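Read off the chains here:
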Amino acid sequence: METTNIQYTAKDFKSDQYVRWCPGCGDHAVLNSLQKVLADLAIPPHQTAIISGIGCSSRLPYYVTSYGFHTIHGRGAAIATGVKVANPKLSVWQITGDGDCLAIGGNHFIHSVRRNVDINVLLFNNQIYGLTKGQFSPTTKKGFVTKSSPFGTVERPFRPAELAFGARGTFFARFLDVDLKVAQSVMLAAAKHKGTSVIESLVNCIIFNNGAHGWLAEKENRPDRTIVLEHGKPMIFGKERNKGLVLDGMTLKVVTIGEDGVTESDILVHDAHAQDSTIQLKLAMMEGPEMPIAMGVIREVQEETYDAAMEQQILNEQANSKIKTFDDLIASCEQWEM
Amino acid sequence: MDKVKINDFDNVVVRFSGDSGDGMQLTGTLFSNLSAILGNEISTFPDFPSEIRAPQGTVGGVSGFQVHLGSNKIFTPGDNPDVLVVMNPAALKVNAPSIKNNSVLIFDTDNFEKSDFEKAGFLTLNPFQELSISETVQLIPVPLSSLTQKSLEGLGFDNKTVLRSKNMFALGLICWLFNRPIDKAIHFLENKFRKKKEVLSANVKVLTDGFNYGNNLHLSISTFQVEKSKHVESGKYTSISGNKATAWGLIAAAQKSGLQLFLGGYPITPATDVMQELVLYKNLGVKVIQAEDEIAGITTSLGASFAGCLAATNTSGPGLALKSEAIGLAVMAELPIVIIDVMRGGPSTGLPTKTEQTDLLQALYGRNGESPAVVMAAGTPADCFHFAYMASKIALEFMTPVILLSDAFIGNGSSLWKLPRLEDLPSITPHYTKAGLEKVNVTSRDQNTKVRYWSIPGTEGFGHRNGGLEKDYNTGAISVDALNHQKMVDTRKEKVQNVSNIIPDVVIEGDDTAEILVVGWGGTHGHLLNAVSNINASGKKLALAHFNYINPLPKNTEDVFGKFKKVVVCELNTGQFVSYLRSKVSGVEFLQYNKVQGQPFTVSELESHFNSLLK
Chain E
1 METTNIQYTA KDFKSDQYVR WCPGCGDHAV LNSLQKVLAD LAIPPHQTAI ISGIGCSSRL
61 PYYVTSYGFH TIHGRGAAIA TGVKVANPKL SVWQITGDGD CLAIGGNHFI HSVRRNVDIN
121 VLLFNNQIYG LTKGQFSPTT KKGFVTKSSP FGTVERPFRP AELAFGARGT FFARFLDVDL
181 KVAQSVMLAA AKHKGTSVIE SLVNCIIFNN GAHGWLAEKE NRPDRTIVLE HGKPMIFGKE
241 RNKGLVLDGM TLKVVTIGED GVTESDILVH DAHAQDSTIQ LKLAMMEGPE MPIAMGVIRE
301 VQEETYDAAM EQQILNEQAN SKIKTFDDLI ASCEQWEM
Chain A
1 MDKVKINDFD NVVVRFSGDS GDGMQLTGTL FSNLSAILGN EISTFPDFPS EIRAPQGTVG
61 GVSGFQVHLG SNKIFTPGDN PDVLVVMNPA ALKVNAPSIK NNSVLIFDTD NFEKSDFEKA
121 GFLTLNPFQE LSISETVQLI PVPLSSLTQK SLEGLGFDNK TVLRSKNMFA LGLICWLFNR
181 PIDKAIHFLE NKFRKKKEVL SANVKVLTDG FNYGNNLHLS ISTFQVEKSK HVESGKYTSI
241 SGNKATAWGL IAAAQKSGLQ LFLGGYPITP ATDVMQELVL YKNLGVKVIQ AEDEIAGITT
301 SLGASFAGCL AATNTSGPGL ALKSEAIGLA VMAELPIVII DVMRGGPSTG LPTKTEQTDL
361 LQALYGRNGE SPAVVMAAGT PADCFHFAYM ASKIALEFMT PVILLSDAFI GNGSSLWKLP
421 RLEDLPSITP HYTKAGLEKV NVTSRDQNTK VRYWSIPGTE GFGHRNGGLE KDYNTGAISV
481 DALNHQKMVD TRKEKVQNVS NIIPDVVIEG DDTAEILVVG WGGTHGHLLN AVSNINASGK
541 KLALAHFNYI NPLPKNTEDV FGKFKKVVVC ELNTGQFVSY LRSKVSGVEF LQYNKVQGQP
601 FTVSELESHF NSLLK
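Chains E and A, in that order, give the protein sequences. Read in the numbering used here, the first sequence has 66 at position 66, and its numbers run on one by one without any break. Read in the numbering used here, the second sequence has 311 at position 311, and its numbers run on one by one without any break.
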C-alpha cells in the first residue's frame, strides 16, 4: 500500500451510486465512517479494493469510489484473500454481515483469519438476515422470535470475537454504528495493522431487528454500558469516569474508584499487544448488564502475514534458482533426441 | 536351459501388478522412461486403488502400471499385456481377464503359498487352473522375494528395506528381457533416491542382481527387441504425464501473456498433481494457495483474476459441482479463469482413481441461469500442455471462464512430448482496457467480439464495481431492466460463441471416403484412432472426427457430419456428447457407443463394434 501526499476527503470516496439502504439503517453511518477513514489513510482510490459477499451490507462496494467486487454469498473472505495474494500492494477490505460471514461463509472466515492474510474484515453484525426479510442469523440471541423462528430460536449464537480468537486472530476490534469517533479510530487502526483485522460493527437493522443494540446505543447510558479500550490506558469507563475493571482471581470484575479503597492504580491497564490472548478474550466476551461491552481495539499483535510470507518464498526461490523462464524449465527436464 | 532367442517386435505391452505397497508405479515409470530414452514411443496407464494400503495380498489392494512401447506409432497404453509381472495371487486374479494367449507371465513364487491363495480368495491350490489360464501362456516362476533377500544378505539392511526392494529385482529382470542397458536404469535411480543413499544402494544392488539373474540363467524365454521409433518427428523429447503437462501449459501461458500465474486448489484425486506440480515453481513466480475447500479454491482464484493474474483452479467431478456457483460469478463478472477438471468415475465420490467422461454435461450446463462457458477437452497426456495453454489464451482474450476437461486416464498416464519453445507458441493478448478509452466502465466492450475490457485494480482512472448482479449494458451500474437483461444474456452468449472464430476446424482422420464416421472427444483419442487405423489397415473404410473444442464447437462441425451416412459417437458415459450434438446439429442421425466401467476403451472392443457396423 503506497500512501501519497495528496489530501483526500470523504467525498473523494463517494461513488455516483444512490445508496439504497433503508432510511435509519446503521449501515449508512458505517459507510460514512469508512469513507472518512479511506480519505485519512491517503491511499489513492485506485489502490483500494473492496470485496463483499451477499447481504444488505455487501452492497457497500457500489457506494465507494475504488475497485470493488460484489461477489457471492459467503465467499468474500476467499475472494479477498485471492486479491491480496495476487497483488499485495492493494489495500483490501472485505465487507460482510453476520449471515454472510458466520453462516455460509464461516469456513472461509476462520481460514482467512488463521492464515493472517493482510485484509480488513468489516463485519456488520445486526443479528438478523435483512435482505431476505428477517430470519435469525448465527448471532441472533437465543429465544428471539423471527420469521424463521416463530416460537423463538433454540440455537446458541456465535460470538464473532470468540471465533476470531479461536482462529488465532491477530487483530480484533469492535464499535457501535452510531459512535463515529470510535468507528473511525478502530478502522484506521485495522487498516494499519498487517494481518487479518476483524472489526465487528454493531449495527442496527431498523426494519427487522430494531434496537438490537439499542441499550448500548442510547447516548445517555452508553458510557456506563460500554467501555472503549485503548492500548496502554487503564480500563476506566462510566459517566463519571469512576468505574474500572480489575481481575478478581480469574474473573474480570467492575469496581468503583474511590469505594472500598479502590484507586486508579488498581485498575487493569489494557494490553492489546500481549501475545497471550486470555485477558483480551475475557474483555471481548464481556456481557451486559453486569459488565460493560468492550469497544475499541481489543487485540493487535504482530505476526507474519500470509501474503508477505508467500512473496518472500518466491523472492528466495527466484534468487537461488537457475530457472528463470519457461525455456529454462524445458531445458532443465530429462530429455533425449529422437 | 534353452538358448536365448531374440524376437523383434514393433510394439509390446508390459504390465506390472502387485500390492499397492509393492512399488509397481515406480517400477513401471522407470521402465517406461528407460524405453523412451532408448527411442521408443511410449504410452502409460497407471491403474491403482483408492485405498492407500488395502489389506496385503487381497484383490482390493492390487495396483497396476501398464506401458506400451514401440517402434511404431503408439496411440494407447495397449489393451492386454504381452508381458505381465504379478507379485502375488491377488494380482493374478485381478489381471486374469486380460491375460492373452502366448503372453509371458512372470510371478513371484515366494508369494504363491497356501495363505496367499486364501487371502486372494482362491478355493484351490492351483490358481492358474482355477482361473483357466491358457496353456499357451509362458509361465516364468521366479522366487523374487527370496532372491532379493539373498541379494542383500549380510549388507546390513533392515528387513523392511529388503522386502521393499523386490520390485527392483523384477525391474532388473524385465530390463534383461527387453535388452535394456542397466546403467541407464541406475542413473534414474540415482536421481530418484539422491537424498536416500541407503535405499539407493539397496535398489541398485537388487536391480543389478535381477538383470544378472536373467542373463546368467538364460531363462528359457525369448527376449524382446523393440527398435527405435522411426515415426516421430526429430527433435528433443521427454515423457510427460497429463497432469504435469497441464501445469506446464499454464506456466507457458502466464509467461507468454506477461501475467503472474495463480492457482487456487484443493487436494482431490486425480487432479492434485496439477497443484503439486505448480507449487514447485516459485522460482517462476507461480502463486499457489491450497485452499480450505473446493469453493475457496476457485474463489481465491477468481479474486486473483479480478486483481489481474492468469488464474486457474484444479479439480475433479465432485469439486466441479462445488465450484459451479463461482463459475457462474465468473460468467457474470466476465473474468478470465481456467477450471481444470480431471474427470473420474461418479456420481458422488464414485470411483476416485478410475477414469470416465461423465462430467461433460455438468461442465456445459451445471450452473444457474443462462450461463455459457467455454468447454474444451485434452486428448492425450502430452496434449494437455497445448490445451491448458489454449484454455488460458481463450480465457484472457475473451474474458470468460474456460473449463478444460482432462481425465484420470490421460492425467496420470504419460506419453512422449516434443519439447516446445515459448517463441513458437501462439501469442496471448489479454483484453485490457486501452489507454485513451475515456469513460470506460465495467461493461464496456469491443462491439465486434463482445469482449469486455479488463481494468486491473491499481490502475488509475479505471476504478469500477464488478459483481454478480445484472449490470446495465451501457453504464455498468446494477440493473433489473427487462430488456437490458435480455441484451446482456444475449451478449454473453454471443461472446462465447465468438470463440469459434479462433479455434481450428475439426479434422477427419482415417479414410474420409468412408460412409461411417466415428466421433469422439477428449481422452479417448488414442483408442479411437488406433481402432480406426486398424480397421483401415484391414481394408475397410472408416473415418474419425475427434473433438477437443466442445463449446463452442468448431465451425465446420455440421459440414463434416454431413459427409457421412452414419455417425457413431463413442464416449465413456451413457451418451452426454451425443445428446449435446443432437441439440446442436440437425439432420444427422447419431448412433452411439458407450461404456461406463471406470476404464478406458480397449482397441479390440472398439474394432469389434466398428466391424459390426461395417457388415
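Some hints here could point you the wrong way.
[What the hints assert, rightly or not] Chain A stretches covered by chain E per the calculated footprint, using a threshold of three residues with CB under 8 Å from any CB of chain E: (1) 55-66; (2) 259-268; (3) 304-318; (4) 410-422; (5) 459-471.
Hints listed in this document are in silico derivations from the structure and should not be mistaken for laboratory results. These numbers come from a predicted model, not from an experiment. By construction, the Cβ of each residue, glycine as well, lies at the ideal position given by its N, Cα and C atoms.
Against the structure, the hints come out as follows:
1. Residue count for the stretch 55-66 of chain A with a Cβ under 8 Å from a Cβ of chain E: 0. That is fewer than the three needed, and the coverage hint is violated.
2. A stretch counts as covered by a chain when three or more of its residues have a beta carbon under 8 Å from one of that chain; for the stretch 259-268 of chain A and chain E the count is 3, and the coverage holds.
3. By the rule of at least three residues with a Cβ nearer than 8 Å to a Cβ of chain E, the coverage given for the stretch 304-318 of chain A holds, with 7 such residues.
4. With 5 residues having a Cβ less than 8 Å from any Cβ of chain E, the stretch 410-422 of chain A passes the three-residue criterion, so the hint holds.
5. A stretch counts as covered by a chain when three or more of its residues have a beta carbon under 8 Å from one of that chain; for the stretch 459-471 of chain A and chain E the count is 11, and the coverage holds.
Of the numbered hints given earlier, the model fails hint 1 alone.
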